[in-house]
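S.K.: Sequence:
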Amino acid sequence: MYLSLGQIDFSKTQQTFRNLVLFDDVFLNMQAMNISIIDKFITEYEYALLDEYLETDRTPINTAMFVSAQSQMWIFAIYELLRTWRARIKKLRNWKENGGIEQMIKNLEKDELNFAANFKKNQLEHLKNDPSFYPKLEEDLLRMDDLFTMIEAMRINLAKHEVHNKEKHSPRTVGYGRINSFCGALDFDIAHENGSFEFLNRRDIADSIRNMVIENKS
Numbered sequence: 565m566y567l568s569l570g571q572i573d574f575s576k577t578q579q580t581f582r583n584l585v586l587f588d589d590v591f592l593n594m595q596a597m598n599i600s601i602i603d604k605f606i607t608e609y610e611y612a613l614l615d616e617y618l619e620t621d622r623t624p625i626n627t628a629m630f631v632s633a634q635s636q637m638w639i640f641a642i643y644e645l646l647r648t649w650r651a652r653i654k655k656l657r658n659w660k661e662n663g664g665i666e667q668m669i670k671n672l673e674k675d676e677l678n679f680a681a682n683f684k685k686n687q688l689e690h691l692k693n694d695p696s697f698y699p700k701l702e703e704d705l706l707r708m709d710d711l712f713t714m715i716e717a718m719r720i721n722l723a724k725h726e727v728h729n730k731e732k733h734s735p736r737t738v739g740y741g742r743i744n745s746f747c748g749a750l751d752f753d754i755a756h757e758n759g760s761f762e763f764l765n766r767r768d769i770a771d772s773i774r775n776m777v778i779e780n781k782s
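Just so you know, we're using the working numbering here: the sequence shown kicks off at 565 and counts up by one.
For the record, the hints were derived by calculation from the structure and aren't laboratory data.
Please read all numbers here as calculations on a predicted model, not as lab measurements.
Note that CB positions come from ideal geometry on N, CA and C, so glycine has one too.
Treat the hints with care, since some could be wrong.
Said to hold, decoys possible - Calculated lysine-lysine pairs in the DSBU-like style (CA-CA distance at most 35 angstroms, straight line):
#, residue 1, residue 2
1, 700, 655
2, 685, 660
3, 655, 685
4, 724, 674
As the list claims (entries may be wrong) - So the derived label-pair ranges between C-beta atoms look like this:
#, residue 1, residue 2, range
5, 619, 648, 26 to 34 angstroms
6, 778, 693, 19 to 27 angstroms
7, 703, 662, 16 to 24 angstroms
8, 618, 594, 32 to 40 angstroms
9, 670, 630, 45 to 53 angstroms
10, 622, 590, 44 to 52 angstroms
11, 699, 621, 53 to 61 angstroms
12, 625, 575, 27 to 35 angstroms
13, 623, 648, 29 to 37 angstroms
14, 724, 655, 20 to 28 angstroms
15, 696, 619, 50 to 58 angstroms
16, 667, 710, 30 to 38 angstroms
17, 674, 623, 50 to 58 angstroms
18, 568, 602, 39 to 47 angstroms
Assemble the whole structure, with the sequences as input and the hints as a guide.
M.R.: As structure tokens, then:
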């Protein structure tokens, strides 16, 4: 069930990210903020598209094309944010398991005027000094795994015109979305590597993020 526009608490989108480990990094948090802002913008257009569609009983081509473009760019953006975040966690995990934390801290200290490097150094020091930090990394990585898998499948279908892990297979209707009659988001036909397919839309991702309950790690 989709909430109406006035019922959605868009602040929950960024709050979910803020409660994940590593989002104390201001630059990761800025990307999450951008995604949250554009989420509200697109949602308003999705409902406007639905209203126009119901009023005219035909697809409003120009509005639908705009919503489709914005939706796909949003999906690509959130994929890149989560991919970057997951890669950061995996690097921290590898450095801890391979005994490379001290050396990485020394390397990052050489670039003390680089704010991004300072955030990474602080996270390494946190990992070094706080025994509870490593389990939190693993917990949040696992917590976001299903969502990332869904976004990754959509991104590969829409951006690469391929099926995940099936490069020789092509999705049936690349980039074509049908207007969802409940929320106005565009339902894309997403093909999976096991041969199945499902209809997913951008709103499904946004709602999944907002519905997550994650305790603040600070």
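S.K.: In this structure, is the beta-carbon distance linking residue 667 and residue 710 contained in 30 to 38 angstroms?
M.R.: holds (34 angstroms)
S.K.: Honestly, do residue 670 and residue 630 meet the 45 to 53 angstroms range at C-beta?
M.R.: holds (50 angstroms)
S.K.: Does the hinted range 50 to 58 angstroms hold for residue 674 and residue 623 at CB?
M.R.: holds (57 angstroms)
S.K.: Does the hinted range 29 to 37 angstroms hold for residue 623 and residue 648 at CB?
M.R.: holds (36 angstroms)
S.K.: Does residue 674 sit within 35 angstroms of residue 724, going by the straight-line distance between their CA atoms?
M.R.: violated (39 angstroms)
S.K.: Tell me if the straight-line CA distance from residue 700 to residue 655 falls inside 35 angstroms.
M.R.: The hint holds at about 15 angstroms.
S.K.: Could you grab the alpha-carbon distance between residue 655 and residue 685 and see if it respects the 35 angstroms cut-off?
M.R.: holds (13 angstroms)
S.K.: If you check the beta carbons of residue 625 and residue 575, does the distance land in 27 to 35 angstroms?
M.R.: holds (33 angstroms)
S.K.: CB of residue 622 to CB of residue 590, is that within 44 to 52 angstroms?
M.R.: At 46 angstroms between Cβs, range holds.
S.K.: Take the C-beta atom of residue 724 and the C-beta atom of residue 655, compute their distance, and say whether it sits inside 20 to 28 angstroms.
M.R.: holds (25 angstroms)
S.K.: Starting from the range 32 to 40 angstroms, see whether the pair residue 618 and residue 594 falls in it by beta-carbon distance.
M.R.: This hint holds: roughly 37 angstroms between Cβ atoms.
S.K.: If you check the beta carbons of residue 696 and residue 619, does the distance land in 50 to 58 angstroms?
M.R.: Between residue 696 and residue 619, where Cβ atoms are some 55 angstroms apart, the hint holds.
Checked against the numbered hints above, the structure breaks hints 4, 5 and 18 and satisfies the rest.
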